[in-house]
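Each chain is listed here by its residues.
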Amino acid sequence: MPAITVQQTPDSQRAARRLYGFLSNQPPSWYGLGILLLVAWATRPALLSPLLLLAILKQGAILGVVTIGQSLVVRSRSIDLSISGVVVVVIWIVTSGAIPLPVPALVFLALLSGALIGTINGLIITRLRASAVVVTLAMAIVLTGSVVAASQYHQPGETPDLLRIVGSGRIGSLPIAAIVWVAVLIPFALSLRTCVFGRYLDAVGSNPTAATVSGIPSLRVMSITHIFSGLTTALAALLLVGSVSVGNTNIGQDMVLNSLAAVILGGVSFGSGKGRMLGPAVGAFMLTYLFSLLIGFGLGAAGQAMVQGAIIALAALVFTFRSR
Amino acid sequence: MNPFGPNSRSGLKPYVVSMPIALIVGLSFAATDFLNRGNLSNLSAQIAPLAIATLGQLLVALVGGIDLSVGSVISLTTCVASASVGSTAGIALALLLGCVIGIANGLAVSVARMHPIIATLSSMTFVQGLALYWLPTAGGLAPPFLPAFINSTIAGLPVSILLLLGCVIVVGWLLARTRFGLRLYAVGAHPRNASLNGVTDRQIIVAAYAAGGLFAACAGVVLTGRIGAGDPVIGAQFALATITAVALGGVQFSGGIGSAVGAFCGVLTLGLMRNGMNLVGIDAFLQSAATGVLLLIAISFQRRTIIGF
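Top line first, the protein sequences correspond to chains X and W. When you number the first sequence by the working numbering, it's gap-free, plus one each residue, and the end is 573. When you number the second sequence by the working numbering, it's gap-free, plus one each residue, and the end is 328.
Bear in mind the hints are in silico, worked out from the structure with no lab data behind them. Small disclaimer: the values here were computed from a predicted structure and weren't measured. Here a beta-carbon is modelled for each residue, glycine too, at the ideal position from N, C-alpha and C. The reader is advised that the hints may include incorrect statements.
[Claimed, not checked] Just a few of them, taken from the derived set where beta-carbon distance is under 7 Å, the chain W residues facing chain X: (1) His134; (2) Asp220; (3) Ile301.
[Claimed, not checked] Each pair of labels, with its calculated beta carbon distance range: (4) W/Arg198 / X/Val431: 34 to 44 Å; (5) W/Asn55 / X/Ala459: 58 to 68 Å; (6) X/Asp503 / W/Gly300: 31 to 41 Å; (7) W/Phe164 / X/Ser521: 51 to 61 Å; (8) X/Phe357 / W/Leu181: 53 to 63 Å; (9) W/Asn55 / X/Ser521: 50 to 60 Å; (10) X/Ala550 / W/Gly300: 29 to 39 Å; (11) X/Ser521 / W/Phe199: 49 to 59 Å; (12) X/Ile414 / W/Val119: 49 to 59 Å.
[What the hints assert, rightly or not] The following residues of chain X were derived to be distant from chain W, with all beta-carbon distances above 12 Å: (13) Leu282; (14) Thr344; (15) Pro351; (16) Ala381; (17) Ala398; (18) Ile425; (19) Arg448; (20) Ile544; (21) Phe568; (22) Phe570.
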């Protein structure tokens, strides 16, 4: 009588399969950053020096903070294109000198206005059921148009010293902006994992109808993500003012595109939070590193835009083919 | 079926049609220069490129998509058409490129199942780079016959307005009288029902985006004729402007509702508002803010079933 043999997968094979599963689940930003670092190592080793990496981290912090809010909004199946408008408003509040208040009060007012704009976006999108793309785009032009019209007859004022210290100062060799980024990122990441809101967000993202039927306040969840996005954008604009110290209305335009790109690279797509908070954060750093690298290669605005467009498309393609 | 009825797929709400009429009546009283021959021909030349690009945006919106790359395609077209002086090859190449970009958008949306915003956002960025590569700064020279043609008149009417009306009639016919139009509405209203009835959404979506790209390129050619040169960033405002015009025209971005006449009314409203604010002397930045407010109001009237983008 032959003994019954149980076919057992060898441990090594199982471990390999688990490793493959783990690797293929990581967001594209990790691989992108790895490839970029390899390219830099092979061609421009100077870009790998710790000093330069910290400088890039400082620049990346601004995009990183915006990306936090944008990733939340995208996870709830909405989109925030009003970032450039919020940036213009915040810069106007803190540098125009039109509001006679001490600097801390101005900072508070800037954050408050960011939250307020987010609230209005959220209310129009959820209560009036208007398309988020159109609402937030319209909000961006309304804000930019009225602020520029209000400020065109005045010289832009000085950046307050407090913001300049936060935006471009360092503690030891660590840029303060990067510390702010991490200090905002960690509470968000932890609370989304532990609080009910994180569960709600995933439920609303994966199926809004099912979430509503199950008694989850899906409209409120979406509104709250817009408020968070307004807040983080205002914070990023404050960091921006401190690091460039000159008001410029065009910077916000790039931020909209780049934050969306970072979110997609981070493995977060409409309704799916697979990349969690860390994926988009790495995506933001990766994009900033990419721009430094492209400038290092001597690519102009044309080449940068083409590479950026190709990378967004590639990340989205990877995502869709993986989720089949 | 009554085209103004609540269940009509034309999207022609009373406000869509009454807004341009009210603006015309109001402006002819408020601004004495409005009914000037010079101002009217100026107005038609201003809105012709926008109207043609908006018709393309309409076709994309009807299948439930959105095309953010129209502005970049328009910029690229002006660069390509004016970089090769005195030849029609540049114009042909520009139209071909517009079509190819549209097909790429359509394939990304229908075959790769990318979200329309992301797909056209990436092509918008890429094509903007391509335009800057082709012509780094504004310049070049359009083929001389193009400005002469666009700025001429036939039987007392400016060519730009004839082109515009021609495009509206073609798209209106396409939507109301052809199988392609019927399928566009079917796929946009309910892709699954459409496929159960034997209409494959892939081809229709690719065709809609390809037509959108082609119309954007046509708008770029008209614009090249108007300015007589190329400019790599001239189209930057067009993505938003076409979306505004389409929204003002009662077209729903969730797909399946909209008409060529509605889109034309939207363009007219937008153009008349800009023209009127220019005549009254309102600051350019406040004008864009007012356009944004108008867009917010128009979009708030479109109650949809889905929430979000």
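List, from low to high, the hint numbers that the structure doesn't satisfy.
Going through the list in order, the structure violates hints 2, 3, 4, 11, 16, 17, 21 and 22 and respects the others.
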